Amino acid sequence: MFNRRSFLSAALGSGAAIGSARLLPAWARSAADGNTGITTLTGNKFDLDIGEFAVNIGGKMGHAVGVNGTLPAPLIRFREGEEVTLNVTNRLRADTSIHWHGLLVPFHMDGVPGVSFPGIKPGETFQYKFAVPQSGTYWYHSHSGLQEQQGHYGPLVIDPAGADPVTADREYVMVLSDWSFEHPHRIFEKLKASAETYNFNQRTLGDFADDAAKEGFGDALADRAMWGSMRMSPRDIADVTGATYTYLINGHSTYDNWNGVFEPGERVRLRIINASAMSIFNVRLSGLPMTVVAADGLNVRPVETDEFQIGVAETYDVIIEPQDAKAYAFVAESIDRSGQAVATLGPCAGMRAEAPALRAVPTLTMKDMAMDHGSHGAHSMSDKTSGQNEAAAMPHDGHDMGGMSHEGHETPEMDHSNHDGMSDVDHSGHDMPEVEHSRHDMSATNGDVQAHNHPDGPGVAGLAMMPVSRLDEPGIGLEDVDHRVLTYADLRSLEPNYDTRPPERELQIHLTSNMHRYMWSFNGVKFSEVTEAIRLNEGERVRFMLVNDTMMPHPIHLHGMFFELENDAGNHRPRKHTVIVKPGEKVGFDVSSEHVGDWAFHCHLLFHMHAGMMNVVSVIPKAGGAAAAPAESHQGHKGHEGMDHSQQGDMNHGEMNQGNMDHRAMSRDEHSGMQHEGHDRGQHKDHGGHQ
Amino acid sequence: MRRSMIRHLALAAIVALCAMPAAVSQDAQKPWGQADEIWGEAEMTEARDQVLASHGDLRTTYLLAERFELQAFDDEDVLLLDGNAWIGGDINKLWFKTELEYLPDEGELEEAEVQALWSRAISPYFDLQLGVRQDFEPGGRTHAVAGVQGLAPYLFEVDAAAFLSADGDLISRVETEYELLLTQRLILQPRAEMEFSAQDIPELETGSGLVSLSAGLRLRYEIEREFAPYIGVEYQRSFGRTADFIEAAGGKTDATALLVGIRAWY
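Chains as they are written, first to last, in the UniProt record's numbering: chain A, 1 to 691; chain B, 1 to 266.
Hints in this document: simulated from the structure, not taken from any laboratory. Every value quoted in this text rests on a predicted model; they were computed, and no experiment measured them. Any given hint could be a false lead.
No more than 25 Å apart at the CA atoms, straight line, and that leaves these computed lysine to any residue pairs for SDA-like [to be verified]: (1) K214/A x T365/A; (2) K326/A x P347/A; (3) K30/B x G539/A; (4) K45/A x W39/B; (5) K214/A x L181/B; (6) K214/A x R224/A; (7) K30/B x K326/A; (8) K60/A x E226/B; (9) K622/A x L181/B.
Chain A regions said to be covered by chain B (calculated; three or more residues, Cβ under 8 Å) [to be verified]: (10) 107-121; (11) 159-166; (12) 220-229; (13) 605-612.
One-sided excerpt, in silico: chain B residues whose CB lies under 7 Å from chain A [what the hints assert, rightly or not]: (14) E43; (15) M44; (16) T45; (17) T60; (18) T142; (19) I171; (20) S172; (21) L181; (22) L182; (23) Q236.
Glycine included, C-beta positions come from ideal geometry on N, C-alpha and C.
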């Protein structure tokens, strides 16, 4: 384990590469530094110290906030179903927290200040204690302030209680992240001052000349006029870019060259975690296909691909089988192509694979827009047909925006044939204004105009007029590459979905923004303005329909539960905790509201969340009244497999005896260690990835 | 604790009927609160207020020297500072604007004005700005200001304001700018400013109608986004009765200057 003295000697005494290596936990060190495997913090008791420390990134000293003095934080590894105790001590001057990303913990252990607990005060030690019924690749990070951008994140692996269906000869955790030597508050302030501060990929006069030569002067000009008329940029792909970021793999920049070794012919499992604050990555290995075996921690049917786009907070496990005794470049390229991190996997330590050149900057198309700006008074879309047709290789060729003829759209996620039974559902118990307007508004599936019954105003610069499903697309910039790219439509859960009930109702949530003012929100309402959480009743099955009204992809994360992504995979839909919603897209997923409590729900681009793109999903216990959270003791999970989930509708939660508990009298530490044996285990149904 | 609070409220309702709805609605307004039962309502309320405020209700500051430049005319040099500063949130800001013209040869300020404005976002791209403008040179005139500032379609920055002086004189000013990216850092900025007056103001050599036009072209290089030296050229001309006033006083009604300056912000 790391300690402060080793850091000092490294920083003062030796060169950059060695210095940075010593700052890292052993598992994240390069093979060149003697790391040819993974060492981990294992067991079921973990002590984590949150503090400030210096780091060496790409030969330059920086100031980090993080866990146990390392960037990234140590790998926490334990076994499925085991109760773990994590003592988190705050040595900062500000509050801190740890959120266990993707873990099905009781909600008061979820680590979001103001939502699940009060946060960890300076000097305080907070004890997390839980057992989770899942295995796989996850991570953990601060949910306080902008600490995540400063280094407060680390990987977490849960080994399955039984045999792992994924076999490998060795494995590496690959933590992707973005580091800036600027203070995150300064980054945010600069974005508010000018949202284009970090964008050095705009279209220039030279690009215009190129386009004019290719498409003709008139068309190139019309294209500029169309984007200009909407006050948008087709190169607005990432807010914070390589202009300030150094991209990292396991804390190593390309310069620092993280090394992993393999024997030719081995099956190597890579557990890839995007722990960035703001960077969606394209991941590929030069000349080596990958077989994706897990997404967001849960196993999927193996699917071979050459590249995939990974949203912030998503995780993918892949198997590679390098046959040649040569160095392979593992490349994590920022979605806007402003930078990348390259690591080396080779037959021996100390090799450096050749980094590929950054690929051409993608340009957004009309499809990414799906917008009507007529409502904001300036103009109507039909004015601009001349420019639109050339705007992009969009599938709407030649259509008249004014006429809205979109019969040709495929909307595979929109199977709502089951909605007929919805009148059976009793919604009387709760008040959900956002449901009423949007319930079964399937208009987009019919090629009609998308309804927008949310507030607008200065914070909403655009509306997706005809959003479509884009789950079968690889993501911005990967449409035209000459190799295979994974799409969400390719993902199939390995295990059948345990809950295949059709959704009883639908919640429509619009991702809204004004890029120019750097305002981000759900349904036009910033989190600071939220007066009501999104309320679900325990036991009900709800479809979330996310409509992206912005021009950016947003990795949307729901805490505390997995959702089934509606990608037409029947009862093998992938279960995820985070999903990228592409520009101009409408994505549906289904939630079984089982995990009672208040759960954060937000865009995982840190500055979007900070600007207000967040809400809380409250799962209200059936019994009504008081919170049932402590009743979730999470101890009985090991024997979960045989559970008959069809019974869940009949379970009596009214029997829970929580009224007698005096939570206020307990100290925090006592409380988190508390057992709740008296509670009805039956209520407890976590289905995250166990078989 | 919560129950006793409700009892308290009920009691209060009997004593003072009007007090209750406010108190109850406050309780009902808690957007979520299941963790209150576990960690205590007081602590959670504080944390909840904090998490809400820190995700959207944020104040930032901005300090911009849009034009800090030396204007070299045929017969004289002028040092100009055109600055903006604001502090505030997404919707409401306190906004300061200043324009100072200094004559280095004569060692005196030719023009000095400061505006203090309440700026409110009224649409995705435009702010309404209301406030006061104080001129220190020439004279000591005070104006009420009403204007709009924002980004027009086709990416033109627009700032249009009307100024009503304490003497009842009404003038207005319209500025517009465009940014043409020659490269990612080399930016050509055409800029035009027009001033109108509703009446003659002889002491300011201002006539009614179109008063003046300045048209400039600035080529800056953004070494950093926040720091960009530039060179440029600006043409200024007076019109109508304003031109008459100036000619009568022996002045010139048009002039061209070469510019060298710095655009900087923080």
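Hints versus structure:
A hinted pair counts as satisfied when its Cα atoms are at most 25 Å apart, and K214/A with T365/A qualifies at roughly 17 Å. Taken as a hint, the K326/A and P347/A pair is honoured in the structure, with Cα atoms around 6 Å apart against an allowance of 25 Å. A hinted pair counts as satisfied when its Cα atoms are at most 25 Å apart, and K30/B with G539/A qualifies at roughly 23 Å. Under the criterion of a C-alpha separation no larger than 25 Å, the hint pairing K45/A with W39/B is consistent with the structure, at around 23 Å.
For the hint linking K214/A to L181/B, the alpha-carbon distance of about 20 Å falls within 25 Å, and the restraint holds. Between K214/A and R224/A the alpha-carbon distance is near 14 Å, which keeps this suggested pair within the 25 Å criterion. Distance hint between K30/B and K326/A is unfulfilled; the C-alpha atoms sit about 60 Å from each other, more than 25 Å. Of the supplied pair hints, the one linking K60/A and E226/B holds, its CA atoms being roughly 22 Å apart against a limit of 25 Å.
Distance hint between K622/A and L181/B is unfulfilled; the C-alpha atoms sit about 59 Å from each other, more than 25 Å. For the stretch 107-121 of chain A, the assignment as covered by chain B holds, since 10 residues bring a beta-carbon within under 8 Å of that chain's beta-carbons and 3 suffice. Figure legend: the stretch 159-166 of chain A, annotated as covered by chain B; annotation inconsistent (0 residues with Cβ-Cβ distances under 8 Å, at least 3 required). With 3 residues carrying a beta carbon less than 8 Å from a beta carbon of chain B, the stretch 220-229 of chain A meets the three-residue requirement, and the given coverage holds.
For the stretch 605-612 of chain A, the stated coverage by chain B holds: 4 residues have a C-beta nearer than 8 Å to a C-beta of that chain, and at least 3 were required. Look at E43/B: its Cβ gets to within about 4 Å of chain A, closer than 7 Å, so that hint holds up. Satisfaction of the interface hint for M44/B is found here, the shortest Cβ-Cβ separation to chain A being roughly 6 Å, below the 7 Å cut-off. Residue-level restraint check for T45/B is violated (minimum Cβ-Cβ distance to chain A is 9 Å; threshold 7 Å).
For T60/B, the shortest C-beta to C-beta distance to chain A is roughly 4 Å, which falls under 7 Å, so the interface hint holds. With 7 Å as the threshold, the beta carbon of T142/B stays out of range of chain A, its nearest partner Cβ sitting at about 30 Å, so the hint is violated. Interface restraint check for I171/B: the shortest CB-CB distance to chain A comes to about 28 Å, outside 7 Å, so the restraint is violated. For S172/B, the interface hint is violated, the least distance from its beta-carbon to any beta-carbon of chain A being 22 Å, above 7 Å.
For L181/B, the interface hint holds, since its Cβ comes within 7 Å of a Cβ in chain A; the closest pair sits about 4 Å apart. Proximity of L182/B to chain A holds as hinted, the smallest CB-CB distance being about 5 Å (cut-off 7 Å). For Q236/B, the interface hint is violated, since its Cβ never comes within 7 Å of a Cβ in chain A; the closest pair sits about 27 Å apart.
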